[in-house]
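Student: Sequence:
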Amino acid sequence: MQALRAVSRASVHRPAWIPSPRSIPAPLSIAARAPGRTMATPTAITPPSPTSKPALKKFPFAYDVSRIESTWRNVPIPRSASSSPDNKYYVLVMFPYPSGNLHMGHVRVYTLSDIMARYHRMRGRAVINPMGWDAFGLPAENAALERHVHPETWTLSNIEDMKGQMYLIGLDYDWEREVATCLPDYYKHTQALFLEMAKAGLAYRKEALVNWDPIDKTVLANEQVDAEGRSWRSGAVVEKKKLNQWFLRITDFADDLLDGLNHVEWPTEVKQMQRNWIGKSTGMHFDFSLTTDADTRVKVFTSRPETLPGATFLAIAPDHPLLDHVPADRRADVHAAAAQYLKEQQFGQYNEAKRGLATGLFVTHPLTHVPLPVYVSNYVLGDYGTGAVMGVPAHDARDAEFAAAHGLPVVQVLGDDGTVLPSCGAPLAGLSATDATAHLAATQIGTPTTQYKLRDWLISRQRYWGCPIPIVHCPSCGPVPVPASDLPVLLPPGMHDARDTTCACPSCARTDAVRDPDTMDTFVDSAWYFMRYLDSTNPNAPFDLEKVKQGMPVDLYIGGIEHAILHLLYARFVTKFVDRHLGPLPNRGEPFTKLLAQGMVHGRTLKDPATGRYLKPAEIDWTNPSRPTFDGGKVPKITYEKMSKSKYNGVAPEDVIAAYGSDVVRAYIIAKAPPAQVLEWDEDAIVGLARWTNRVYALVEQRVNSGVGFNPAAVEGVPKEMSRDEKALWATTNELHEQTTNALEHPHNLNTYPSNLIKLTHALAAFPSSTPSPVYDLCLARLIQLMAPLTPALAQELWHQLGAPGSVWAEWPAHAAVQRETVTVIVQVNGKTRGTVDVDVDQLDKAPTMVERSEIGTKWLHGKTIKKVIVAGKGKVVNFVVAA
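With full-length UniProt numbering applied, the sequence shown covers 1 to 884.
Calculated from the structure, these hints are not laboratory results.
For glycine and all other residues, C-beta sits at the position ideal for the given N, C-alpha and C.
Do not take every clue at face value.
To be verified - Label pairs and their computed distance ranges (CB to CB): (1) 275 / 620: 42 to 50 Å; (2) 565 / 646: 21 to 29 Å; (3) 620 / 717: 54 to 62 Å; (4) 682 / 560: 15 to 23 Å; (5) 620 / 709: 31 to 39 Å; (6) 641 / 717: 51 to 59 Å; (7) 336 / 429: 41 to 49 Å; (8) 232 / 335: 23 to 31 Å; (9) 401 / 232: 55 to 63 Å.
Claimed, not checked - Below are the BS3-like pairs computed for lysine-lysine, each with C-alpha atoms no more than 27 Å apart in a straight line: (10) 672 / 616; (11) 859 / 846; (12) 647 / 637; (13) 607 / 634; (14) 672 / 727; (15) 616 / 57; (16) 217 / 241; (17) 759 / 58; (18) 832 / 874; (19) 642 / 271; (20) 199 / 217; (21) 594 / 88; (22) 868 / 846; (23) 672 / 647; (24) 57 / 637; (25) 280 / 206; (26) 672 / 642; (27) 864 / 846; (28) 217 / 242; (29) 57 / 647; (30) 616 / 642; (31) 645 / 672; (32) 547 / 199; (33) 616 / 645; (34) 453 / 271; (35) 846 / 876; (36) 616 / 647; (37) 57 / 645; (38) 206 / 343; (39) 634 / 616; (40) 874 / 727.
All chains, please: the whole structure from these sequences, using the hints.
Tutor: Structure representation (structure tokens):
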């Protein structure tokens, strides 16, 4: 077992040109860890490389953004000492692939999670808010090949760059929980979980088709095959080759995975996507016997057994085994067509037209005993159902299209009343669909069955940069699990090193056994990382089950809807495996209670309207910002599209932060759109948030520097006596406080959070603050507390300037239920809003009269003939209809 023994990463031989991870400059090094050690927390930054785009113009702030953010940006919030599962809050963002650069989509999702973590910490909850790296995979391997570096070097360097960028955003992650899936102290445990699944009978090996490059003599991922079926590297036509592959038996959990969707708070569309992927359908199997050989049967599944009398043909997949029986005179044409159809299916070239070719084979209808022709077709998939369908043109649009193209008969089965037509004959004529199905089952013509679209998870990858599969293949014993004491099975030190995979069999000690050459699908790495976070330095096991029981489930999971199917499904499967086989977990083994699928960030995109060519920023003349031009006066087409280099519409986070500071960027990215919707990046709009922070800073500066000053004691309690203005301000503050809390508790409306703070800022600015007022001081302090999760650096600075007691993070204050003494009435004239008037609550029924007597009423109604007065909103809107 020498080749498989557990060794430290530092002792693995590596060529001189591959630097050790420990040689990456501290303090951002993510060196391979000895058991019990954690990765370094970032405390310094290497400035990001300048981009080719010109820097954004800095906003003229009234305060020193650079000083404030460098001072307060990453001051950690005090953590709760509570270990009660009832008090924990686990917020998790889908961990990133370390590409080396954050984009605005990253900034959006990380800001969302950071705000939620800070808010719940202020609520006194034991918040879990970790970060890690989905660090294996094909992109790193390809990048390493292109740059002639080792993928480990590339990956670890990218991680350090991205951690520096995260530092700029001011993210308060639990860095002591950090993981990277490419490090041995993580993938050792991925291997251990695989072995647990194998022990439970959930891992098995069988032949499966792979993409084979005959020139490079290597296996290709689907992403490496172009639309013409050619290799991305050699250009060779890719072949399909059968290799032994490892699978995980996710189908054993199909019903659990379906049922669990009823117990999570996820977007309806995401749950439906998962249900469709699992694809449970109930129906019946029928056997159609080959007319020339009754012992050869074609099994067909249908979800509508009652339509069996209407079957007029069979269509089979292009890789169906029945093709071995095609008559000699048809064999060449049929196999050529089948090969073409299979290629179309495998490389995503599927044509919507339903095509097929008669095989020359016929099968016997199990009910009518009439011979039916068999077609090989492009629309039947070999890995779905039985790979064969019965064509019922009268009751299926797809079958009808196919029948029309091939001149096949159409037999109507069901009448308008839903019963089988008399023309179908005995024994089903006159029966309802339910009774017909029951008869077919009772007479054993068909077999009731449940079918799923879901297929077992193929996890083998013939790639280097992935988690090695911990199996030894012995000529005597077959596949043998590597003993847990010998994990991890390490990757060879170099991508192109000669791989000596010979080793001793763990079972019989034969010395000519070989280790499995494959690595695992990277979705395996990401299917359990949220449990590893809860015990990230455990050297002996993937996690302590008791710690997982305390920390799970994730209360809020944030990530893109592009992961709605595979990642979420696989993560649920692995968690349910742990729940079923290793020990019961909370929430029925569901890993994520709530899911927030954030929308993408789109950038302003300019195109030539004549050609559709994307225009570079340097091609645009912005002399008139409202009407940009190019090429001597042409007007470009302006749209908002997903940011990408090829569209020249990207915005570098470091550029925006340099111009506006991280707090303003955070506020803007939350305010611009509800989290689940697309965010259209607009620099003109971000200026509004910068002006707001200026106003807040000015409020504090004015209060502190005025002769009145700020009274720190005001924060400690609510005055019993208040003036009329103070009561109105206190009521407004508590209303907006309640709305802010609701937005944070229900983050699908989180875009209202900044707008509530802006409204409160306006209310404070309108208050006559030239005299001492403990209520004003309390409300000003309350604004700073409510700002803290959104704009953490500025909030800490302002709290410090106020001299307020304790820390701004000490608590999330409770709002009070305050009854207003006055109500603001909106005044409209002929439907147009002309202003507002404050009316005493007990005078609200007299609002029209009060408005007429007001300054607004005098201005807009004097000398006018009032034809009608319309009162709406329980008196809060008064519309005067006046003569023209």
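Student: Would you mind marking each hint as holding or not holding in the structure?
Tutor: For each hint, the structure was consulted:
1. 275 / 620: 42 to 50 Å: 46 Å, holds
2. 565 / 646: 21 to 29 Å: Cβ of residue 565 to Cβ of residue 646: about 26 Å, so the range 21 to 29 Å holds.
3. 620 / 717: 54 to 62 Å: The hint (54 to 62 Å, Cβ to Cβ) holds, given that residue 620 and residue 717 are roughly 57 Å apart.
4. 682 / 560: 15 to 23 Å: Holds - the Cβ-Cβ distance for residue 682 and residue 560, about 21 Å, lies within 15 to 23 Å.
5. 620 / 709: 31 to 39 Å: 51 Å, violated
6. 641 / 717: 51 to 59 Å: 53 Å, holds
7. 336 / 429: 41 to 49 Å: Hint holds: Cβ distance 43 Å, inside 41 to 49 Å.
8. 232 / 335: 23 to 31 Å: Check passed, 28 Å falls within 23 to 31 Å.
9. 401 / 232: 55 to 63 Å: 35 Å, violated
10. 672 / 616: 25 Å, holds
11. 859 / 846: 19 Å, holds
12. 647 / 637: 13 Å, holds
13. 607 / 634: This hinted pair holds, its Cα atoms lying about 11 Å apart.
14. 672 / 727: 32 Å, violated
15. 616 / 57: 19 Å, holds
16. 217 / 241: Status holds; Cα separation ~11 Å.
17. 759 / 58: 25 Å, holds
18. 832 / 874: 19 Å, holds
19. 642 / 271: At roughly 25 Å apart (the allowed maximum being 27 Å), residue 271 and residue 642 satisfy the hint.
20. 199 / 217: 34 Å, violated
21. 594 / 88: Holds. Residue 594 to residue 88 sits at ~15 Å (cutoff 27 Å).
22. 868 / 846: 15 Å, holds
23. 672 / 647: The given pair, whose Cα atoms are some 22 Å apart, holds under the 27 Å limit.
24. 57 / 637: 25 Å, holds
25. 280 / 206: 24 Å, holds
26. 672 / 642: Judged against 27 Å, a Cα distance of about 16 Å means the pair holds.
27. 864 / 846: The given pair, whose Cα atoms are some 20 Å apart, holds under the 27 Å limit.
28. 217 / 242: Status holds; Cα separation ~14 Å.
29. 57 / 647: Judged against 27 Å, a Cα distance of about 22 Å means the pair holds.
30. 616 / 642: At roughly 15 Å apart (the allowed maximum being 27 Å), residue 642 and residue 616 satisfy the hint.
31. 645 / 672: 23 Å, holds
32. 547 / 199: The hint holds at about 23 Å.
33. 616 / 645: 10 Å, holds
34. 453 / 271: 16 Å, holds
35. 846 / 876: 11 Å, holds
36. 616 / 647: 8 Å, holds
37. 57 / 645: Holds, because 21 Å separates the two Cα atoms, which is no more than 27 Å.
38. 206 / 343: With a Cα-Cα distance of about 22 Å, the restraint between residue 206 and residue 343 holds, given a limit of 27 Å.
39. 634 / 616: Holds, at about 14 Å.
40. 874 / 727: Cα-Cα ~22 Å, so holds.
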